[in-house]
Amino acid sequence: MDPLIIPQPDTIPVSWGWFQFLLLVTFPLHLLAMNAMLGGLAICIIQHLKGGTVQKQLAHRIAIALPLVIAFVVNFGVAPLLFVQVLYGQFLYTSSVLMGAFWILIVPVLIVAYYGAYLYDFRFARLGSAGPIVAAVVFFLLVVIGFFFSNNMLLMATPEQFGEYFSHQSGTLLSFGQPSFWPRFLHMLFGALAVGGLFVALLGRFRKSIKPDLAKHAEQVGLSTFLFLTSVNVMIGIWYLLSLPKELMMLFMGNNVGATITFCAALLLVVGALVGAVKRKFWLTFYHALGLVVVMTFLRSYLRSAYLKDVFTLNELEVVPQYSPMIFFFVTLVGGIVCIVWLIKKTKNVFTMELERER
Amino acid sequence: MNYPVWFLPETGGGFLIALISILHVFVSHFAVGGGLYLIYAEKKGLKENSQAILDFTKRHARFFLLVTMVFGSISGVGIWFIIALVNPAATSFLIHNFVFGWAAEWVFFTVEIAAAFVYFYMFGRMDSKTHLQVGWLYFIAAWMSLFLINGIIGVMLTPGSWAENLDFWAGFFNPSFFPSLVFRTFIALMIAACYGYLSASFTADRDVRIAMTRFSAKWALVTLFIAIVSGFWYLSVLPGQSHSLVMGKSPTIAAVLPWGAGGLLSLLVVMLGAGIIRPSLNLKPVAGIAMVSALLVMGGFEWTREAARRPYVINEVMYSNSIFKKDVADLNQNGYLRTALWVQNKEVSEENLIDAGEELFLNQCYSCHTLGGRNNDIVMATSNMSYRALVSYIGKIHELRYFMPPFAGTEQEKSALAAYIAGGLHGKDVQKPQQVDSGTGKGVALFEEKCSSCHAPEDLAGAFDGVESDEIVGMLKTLDEISDEMEAFGGSEEEHKQLAAYLSGQEEKEEPEKVIDGKAVFNTHCTMCHNESGIRWKVSNRERQEIFTMLGKLDQLQRAMPPFRGTAEEREALADFLNALNQGGQ
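Note that the protein sequences, when read in sequence, are chains A and B. Residues in the first sequence are numbered consecutively from 572, following my numbering. Residues in the second sequence are numbered consecutively from -11, following my numbering.
No wet-lab data here; the hints were simulated from the structure. Glycine included, each C-beta is placed from N, C-alpha and C at the ideal position. Hints may contain errors.
Stated by the list, open to error - Over the 12 Å line for every Cβ pair with chain A, so calculated as not near, a few chain B residues: (1) Met(-11); (2) His84; (3) Arg113; (4) Gln332; (5) Lys384; (6) Arg389; (7) Ser480; (8) Gly493; (9) Met516; (10) Ile535.
Claimed, not checked - Chain B side only, calculated, beta carbon under 10 Å to chain A, not exhaustive: (11) Asn(-10); (12) Pro(-3); (13) Leu54; (14) Ser63; (15) Gly66; (16) Leu73; (17) Ala77; (18) Ile83; (19) Ala91; (20) Phe97; (21) Ile101; (22) Met114; (23) Leu125; (24) Phe161; (25) Leu253; (26) Leu413.
Whenever a hint applies, use it, and build me the whole structure from the sequences.
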């Protein structure tokens, strides 16, 4: 077997644990926003196609929220992508070049999808029956982006594929031929669609005081969607687990204490979320699902480390200490959070006043 | 060499970076300046108690949101994607050094997005005071994004002491930080004014259109003036080589500057004529001209800034082809291919000469040169160079043309690269320089090795007639004094004599009486930058004598051109040739 080609990593300014922490804090934010975007849009299309007053109202509410959600999907994606580049740059830059032709396509595809989302929002009524078509195109484009991301994340974790560079110099290598690709991708997709159901239910709740029917319908649709798709996703999850190389699978079956405990926690959270959905208890379902998304990012992290452990561990990263920029970042972060809380507070005041007026 | 090369032979990564980044900066600067514009437009509406102006401001805010949130933010991510694909080594190096600068920028980006949404969606729903505070919060967050990115981008052009110590703060507050920050701030405000001018042209209400046109034009002119002044400040802090490149030594910059200057002039005319004097002339096509002009100004600046750090991607640290400056000496000694990760030919041999050369091209030249594309096509650039000339030229490429990185590798690797270009791309004869130790033929071999990249034998025919060999030996030792484009001949005493013998005609030449061929002179001296059709246009309508005179002061005609290095006879022959081209013949 040819030796693996793996670039030398650059030095990092603080211990890798900080970056891992920041990655694990920011990535769930991206996932939650992404789930709201994909799942919300899918439900939106179906509701729009079904017709009926309350269904159309719900579709419109989702359409209005969609551009905002996309903005935060992108924004919350920036931070984890930055931190993962610091930790695993030598793998991620390489895999990105190997699939460069597709990777760069994400940019124009996202621009088109994003403008499509605004078109759907701003012209919701005027588009008429073309509305769901526009929304479906946007949905398709967003799934395509997810497909490319899944390819890259798997490709970066499997450097044994890197040698194929010499026959893919124009950046056309993808990893969907690997046995674990499709279950991995579908697990992510179905998870997103399921959690998106909860976002829809949440969106309805914001209008509960003035549109109780809409809120009730949104919750009913959202929880049903979550229940059904999560049940399916449990099956896909098992498929995914079995598709992994045995050594990696066993990581979650006792070979690694941390991974096994996290996996068990995920299973408990799934059960809790499903029970909540069956009993139609929104907040019970919501918090379990929230915890599940966070725990899933831990599982991904364990899996990535295990994929790469023969060629690289984070301990190998050389630290050339410079802590003051990190302190600067944390100060900025606190300031940023204060600003956003202020914005939310001021906006909430407006909504409260308007709702009181409408009542 | 640490990362694979994304190979798009005819497109080239540089073109993609330029395309995405120029469009992005045009919008991202709008995102910064536009915040302040909205605040003052809203204040104007409130102060004049004009609902029509407030309506205009809201419409403009919607346009602003659609342009900056969608195209601006996604193309910003696009730049990150494309630089990581085209130059992963430099991107990784910068990301790892400035990760917390970028992370802080992400925080401001988040605040920016949230504030922009609140500003737009709460327009007319929130009390004016709070609404304006939201506008200010947006503008401050956006400007802080500029502040942070400015520091990181600046280090690539003017690294200062960071190049030595890699200290975050030394790099961030690099020598061009403040001039660049002031320049970009006012450029951002100027661009915002142009977008406002565009919005005004779409306004049906004539009074509002005129009021907001004048308002925008005043903004544009004042900010443009300050931007120009700060631009000179910016220029003054550039290090020597970068300064020279901007001032004309870089052909890339020289080609673009007239477009930027044209845009500037056009913008001034539009804003003054159809903004201040006759605002009613602000019709959609006129506003379109203003936008294109502003894009030319911004594009010209970005292009210049990028090209001014050549031959580096990170000035004084990493060359454009991802080779660290500090590694070049080692690579010259131990070989590039042996060290590079993403190559299949680890050694150069007779059998793999061209394949190894191709890999060297991919790793060392492709970052700036396409293969058959429009951007810096290597095939065009080398079409008239022989294998031997290329071997010699590649070896001193950085000395002859500062903006090109030095070749990093062994003599064998240099030959392989030359073989790929001459043999692989042009199908020319690829023979190793003759290995002759002494006697007849050694002088020829030395000439081919040391001189033929710039001189053909026939070019020098007659130049040394009647000159003693000893005198020629002396001249060979002081070639660098004759022209700064040449370096002193570095051979042994014996080689000096052998080459001198060849040049003086004592060593038998094949055709000593050969007439100098003007076309050959053209091929040797001019074809690196010009082709025949291009040069025909440049000498059109000029007399032969005028052409001859021009050849004597090329560096005065255009700073990017080196002085003509040939002999008097060659100059005559070249003038004849160009004159013949001018007449329609050859």
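Structure-based check of each hint:
1. Met(-11): violated, 9 Å
2. His84: violated, 4 Å
3. Arg113: violated, 5 Å
4. Gln332: It is violated; B/Gln332 is separated from chain A by about 6 Å at its closest Cβ, not greater than 12 Å.
5. Lys384: About 30 Å separates B/Lys384 from the closest Cβ of chain A, which puts it past 12 Å; holds.
6. Arg389: holds, 27 Å
7. Ser480: holds, 40 Å
8. Gly493: holds, 50 Å
9. Met516: Given a closest Cβ separation of 28 Å, the condition holds.
10. Ile535: holds, 45 Å
11. Asn(-10): Constraint on B/Asn(-10) satisfied, holds at 4 Å.
12. Pro(-3): Nearest chain A Cβ about 8 Å off; hint holds.
13. Leu54: holds, 6 Å
14. Ser63: holds, 7 Å
15. Gly66: holds, 4 Å
16. Leu73: Holds, about 5 Å.
17. Ala77: holds, 8 Å
18. Ile83: holds, 5 Å
19. Ala91: Constraint on B/Ala91 satisfied, holds at 5 Å.
20. Phe97: Because about 6 Å separates B/Phe97 from the closest Cβ in chain A, which is inside the 10 Å limit, the hint holds.
21. Ile101: With a closest approach of 5 Å, the B/Ile101 hint holds.
22. Met114: It holds, given that the least Cβ distance between B/Met114 and chain A is near 5 Å, below 10 Å.
23. Leu125: holds, 6 Å
24. Phe161: violated, 12 Å
25. Leu253: violated, 32 Å
26. Leu413: violated, 17 Å
Consistency note: the structure conflicts with the earlier hints numbered 1, 2, 3, 4, 24, 25 and 26.
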